[in-house]
Each structure stands twice: as structure tokens, then as C-alpha cells.
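Chain by chain, the residues:
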Amino acid sequence: VAVEHVRALPQAGGRRSRRALMRELEGWLFIAPWLVGFVLFTAGPYLASMVLAFVRWDLGKTIEFVGLRNFAFLFLEDELFRKSMFNTLYYTVFHVPGMLVFSFVVAGLLNLRVRGLALYRTMFYLPSVTSGVGMALIWIWLFAPNGVINFLIGLVGLPGPNWLYDASWAMPALILMSYWGLGTTMVLFLAGLQGIPQQLYEAVEVDGGGWWGRVRHVTIPMMTPYIFLSAVLNIIGSFQVFTSALIMTNGGPDNATLFVLLHLFNNAWGSYRMGYASAMGWVLVAIILALTILQFRIADRWVYYEYADRS
Amino acid sequence: MSSQRQRTFSRRGLLRVAARSAALAAAAPLLQACAGSAPPAPTPQVVTKEVEKVVTQVVERTVEKVITATPAPQAKAPIKLTISTDWNIGVRRKAMEFWATEFKKQNPNVTVEVWHLGSGGMTTANYSPTVQTMLLTGTGPSVVTEMWWRPNEVYIQLDDFLKSKGFKKEDYFYSPYMQEAEDGKIYGVPFGTYFDGMVANLDIFEKAGVPLPPKEWTFQDMVDTAKKLRKDDVWGYERTNAMQGGWASRMASEGVEWYDRKELKTTIHIGKDGGKPQEMFVDWWNLTWKDGVAPKPAEAAQLLQIARSAGVVGGLASALVWVSGKIGMSWFPFNQAGVVKEMVNNRFRYKAIWPFKSHYSGRRGYFLEHSTNTANKDVGARGHRDEALELLYFWISDPMQKFHAENVPVFPAARKWWSSKELLNALPGMEEMAPMADEALKIGLYRTKYMDGGTGSSPNSFDWWTAVKGKIEDRALIGGEDPVASYKAAIEEGDKALAKKV
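Those protein sequence lines, which keep their order, are chains A and B.
According to my numbering, the residues represented by the first sequence are 1 to 311, in order.
According to my numbering, the residues represented by the second sequence are 312 to 813, in order.
These are calculated hints, taken from the structure and not from any lab test.
Remember, it's a predicted structure, so these values are computed and weren't measured experimentally.
Computed cross-link-like contacts, SDA-like style, restricted to lysine to any residue with a CA-CA straight-line distance of at most 20 Å:
hint, chain 1, residue 1, chain 2, residue 2
1, B, K812, A, F71
2, B, K688, A, T62
3, B, K476, B, P710
4, B, K807, A, R82
5, B, K811, A, L59
6, B, K811, A, F65
7, A, K61, B, G449
8, B, K812, A, W57
9, B, K607, A, W141
10, B, K391, B, N418
11, B, K688, A, G60
Make a model of the complete structure from these sequences and hints.
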């Protein structure tokens, strides 16, 4: 019987049964909505923008092939692109570390066994699922010259800045606001903290280690994969800031909060330079890709993967 | 799949169906006979008489109908037209509903669907890209409202149609820089009357015992009046940071143009007939940052808080501090007079007053905005060209203009409604509006001359405006930085933006 079965196998592999075909068809049907959506609304525009990056197309007018001229203008002549890149990096440098630290601290607090834990977790996560526009409108009110933030600053006898209307303070305002959306990173960290085996902490205690010893030798090393993932995601997110800048400052005052994506949008829908905006989009993709690859290269030096060691 | 279909309708299949039908037809009398209880068949004579009677009646009635009846009108095929708008709330939403329903009353075969797109206060951010994408992909609305984007190949040229309607430009708040292409052909009908005037809070004037300013008064008179109105919690004047009713109007009084498109040079510092734009700008800046006649941005924010507490909402609220009821004089956006009325909500009385004259040029300054409604060229291919043009024209026809006069979602575009009793009933205190609009059209500074979509504007107009606004508004008027340095920086940055060759 065994021999017959073995002989039958190649036949089954060569001519797929009707049932197997139906199963395969079912699979395709199930993913079809996503697949169609992806091809039409993601891959299609990606490819189209790749072509547009090499043309001049002022919306509604004729298309003209310009080779690399869009890219040359972007790097050599467009001062606003440089300004927007500086603003984006400025934001990234303060947003990402701050986000990681605050999320880590909040996750640590929410990992404690206290009453009303579920409520606290919900409260901290809520801003992450709130509409970006709604959030921006609330923060406009909070940052108003006579808003809540300046009221609190006034309580300690300091004059509050004119946050969103002052070229020096608008970017710090947006960075401060960004910390409010720490929910996603916090949840990631919380999951990581809850996965650290208790016996590792006990081992530190046996060795005479205190609170700092536990954090330094157990928590942080065990959390490095989560910190790494969060850093990658937050850096990508920093290069995609758009809604808050559009709604709260519209890139102002005097381009102080002009992010790359907003500059791209302004070129596409303000000046109708679709080709140039597409080129900018691909440069942005390249920058994000390069930064992500760099992070993965460096990750080998500081990220500790428990499972990798076991293998 | 197609081969399966072919097999289904093969010759053999058809023959089989035909054979079955023939068999059924043959079987029918047999089946009837098998029924058994059928009534006895009538005799041939009775049948003949009955048939004769019926045929005679039918013939008589038909002949009678043919002789007496007038030819029945041929029913028009049902048509659906669409309008895009970002008028999504309040009286403006009602205006759109009125447009659709009234047009349907006059054209029963046409159903008008209004597409409310965008947020209502952020046209550039969402309404425009949505409509532009629709237009370019052939899915655009039949009639597009308030779109500044003007590649003319997308819209229907209206010259012949408007001529057939007896349309005269001078009867409307019309701008060649908005309604027309560079060759002078018309592509849009005027949307409303857009210019900024001045407004006085009558309660504050009465309480202070100060008479309303006369028609002939100057900037310096305004400053003196503002000082008289100033009390602890009341400001005499609102010096807005925005272009409308603000720095653009001041430049207008000095006779400037935005820029020279050929030379690629910003010209906001070049006055005409005695106008001194830069000096005027400094005087304007001084009102808040030196003289203290008008509230600074932080103080204005506090007043806005008062307005919000009184229930004032909407994007315009942040641009009109005077709706707080704590400012004696300010600017007045005539195009949004109805919206302003809703915001004030009878908390105080106000009246439009003549803007002051420049103490340099002796002229008033008006900032003119124009907007337009256009018809999508695709309606031709859809077979609805004529109906779409009628729908477009309906906006500036009497029923719609009367609605505008009575409800003021926008000041009516048609001149004959500017001083109408309907409008003055809706907005008491607007008696001077009509002569003001006339003057504004003669001497005002057209926004559409610089911005994209306006005839003759630079392709870099968006960059130019961003650069100039950054220095004039953000740095100087809001930030309080040196007005002369900011003004010079605005010219420099504006020139760079104009010279950009992407």
C-alpha cells in the first residue's frame, strides 16, 4: 500500500485535483477586493508617479518630458525644499527620542498593578485613534495665546509664547503636540514589558541588583527589539507629517513648519506641478528607505533578539 | 466562458427549443379538450354581431380623438445634473438646495444633485483637489462652483450662450481677471459680490457718544475716532492680519499692483498718484505694535474667545475679531454678509460705513475678490450641454439672485439686487453698499490679478503669495517684527518666487 501511495504522489502533484483548484480560486476570490484596491489605488499611482517624476505636467495642461530636470531643480535650486527638509529633520530629531522615552515611561507606569489600570490604558491610547483633524483643532485652542498651555505657564509666573504664530515656537509646539499620540508606541512597549520573564528580574535580585540594575540589565536589553521597531516606525512617521502642519499652521509662520510632505502637497495642488511633486515624492521614498536600511544595519550592534541567541 | 455560451446557443440547441415549442403548441388543444367542463361554444352569428359592435365603437372613438385632440407634447427624457460646492453648512447649504429644487421646478425632467465636497472653510486643502481630480478623470460635476483653477480646456466657453441670454457684464460684479481667459473669451459666470468695506458697531458708537464717520474721512480721522471709542474692554479698531480688509486694502489705496509678470518683479512697493505703499504699511503696523489703537494678536485671541463663548463658530470667526462685539470699527467682507449676520446673531447692531481714505494718496483702498461658476466640458459628451448651461445661468438669474438678496449666503452678483428692499430687509445698515461696490470695481486691487486662475497671473503665483505672506503677515503683522525690514524681505522673496523655473 505504501508503495502504491508513493507512486500516486507524483500524479497528484502533476495534475491538480478539481478540489485543489477550487480551493485556490477561493483564495484568490477572498483577496480579490484587497488586490484590486492595491493595484488600482496603490501600485497604479506608484507607477504613474514614477513616470510623472520625469515630466512636466501642470495639471490640466500638456505633458512634456524633462528627463532629470525635476530632480536637479529639487536639489540645486528649490530653497523651500531645503527648508522643508531641515524642518522635517528638526522635527524628527526631537520627536523620535522624546516619543520613545515618554512611551517607555508611560508603558512602565501602566505595567504596574494599580486600580483603574484599564481606564488609564484606554485614556493614553485614545488620542491614537482620534481623528487627526479633530486633534489638530483641539491643539490650536490649547496653544492659543490665551489658551490652556499659556495659562499653566502663567501659573509659574512665566510669559507664554505665541506658539503657533511665532516662527521660533511653532515647530516646538508641533513637536509637543506629537507626544500626545504616543498610544501606539506605548502599547507596543507594554506588550514587550509584559513578555519579559519574571525569573530574569529574580536573578538580578539574587545577584544583589536593585531597581536600576533590573532596568539596565534586564528591561532595556529585553526591550531593544521593541525600541528598534518603534524607532523605525516613528522615523518613517516623522517624514510623513502632514495633517497637523496643514491644519494648525499651514506651513507657517514664514515656512517655519513647512514639512516635506506639505511642500509636496503645495506643489501638487497649490502650483499644480504634478511632475515636480512626483519627483519630490520619490526622493522622499529614497530618503526614508535609506534611513530604514541604515537603522537595520546599526541594529545588529544594539538590538538583542532572545530567539536569535537560542537558535 | 464565451465558448460555453456559444455551445448553449448552438444550432442543435435552437432546434431542440423549437421542437419543444411546436410540441407544446400542438398539445394545447388536446389539453383544453381534456379539461372536460368547458362552456358551450357561441354560434357564428352572435360572434359576428358582437365583433361588429366593438369594432364600430373603437373606430368612432379613435376618429373623435384624432379630430379633437391637440398634439401631445413629447415628454423630455429624464436627466440628472450635478453641482459641486463646498457650501456645506447654514444659509449657504440652503442656497445650494434652493438652486437644485427651483431649477427642477422649471425643468421637471432635470434632477439636480448637489455634491457637498470639502469642509466648507478649506477650499484649497480639500474641495479643489477633489473637484480637479474628478474633472480630469471625466467624472466631474456638470456645474462647478467657486473654482479658481482655470485650465480653459476643462470648461465650456460661454460667449455665445451668454449672448443668447442677453447677458451684460456691466450688470454684474464681473471681473475679466476671473471670468475670462487671456483671449477675452468668457468661461465663468460671476458667483457673487466680493469686496471688503468697513463696519461700525453702532452700540459702541452710541455708548461712547461718538458720531459715525462721514463718507469723506482719512486714515488719521479713523485713528482719532478709534481712540475716542477705546475703553477698558473695548477697542476702537481691528487691524486684521489678513489680506482681506487688511494690508492688501492698504496697498490698494496706494495704487500698487502685485507684480510684473514679464519682468518677474514684485511691485508692492511702487505707488501711484501720490501713493506710498511702504509708509502706509508702517502706519498700519503701528496701529497695534506702536500706537495701541488696535489689539495685538494675543489680545485679539482673547476677544475671539469671547466670540466663541457667545456661540460664534466657523473658520471666518478667527478672521473677524469684531464679531466679539468689543470692537468699534473693523473691516467687513460683503461676500459673506449672511454668514457674518449668523455669527453676530443680534448680539449688537452694526452698519457698513465708507472705508477711510489714505492720508498719502487721498484714495480709499478696496481688495476685490472674484469667484466664478463654470460648466464642465464633459456634459457635452454626456448629452446634457444645454441643460447644464441653463443650470449654470440659473445662478445669476432672478429667482436665485432674489434668494441671495433675501438670505445673503453671498452678496448677489447682479447689480440690480444690491439696493433691493429684499437685501436691505435682510441686512439693515447696508445702504451704502451699492455705491461702495461701484467704487471698489473702479479702483480696487484685484486678488485675481495675482493668483493662479486669474488671467495674467504668474504660474508661480502660489509660491509668490506664500513668500510675501510669510514676511508681511507672519513676520511683521503677527510677529511684530520690523515692518520695513519685513516689507523689503517680502519683495526680495517674492522676486525669487516669481523667477522660479520648475
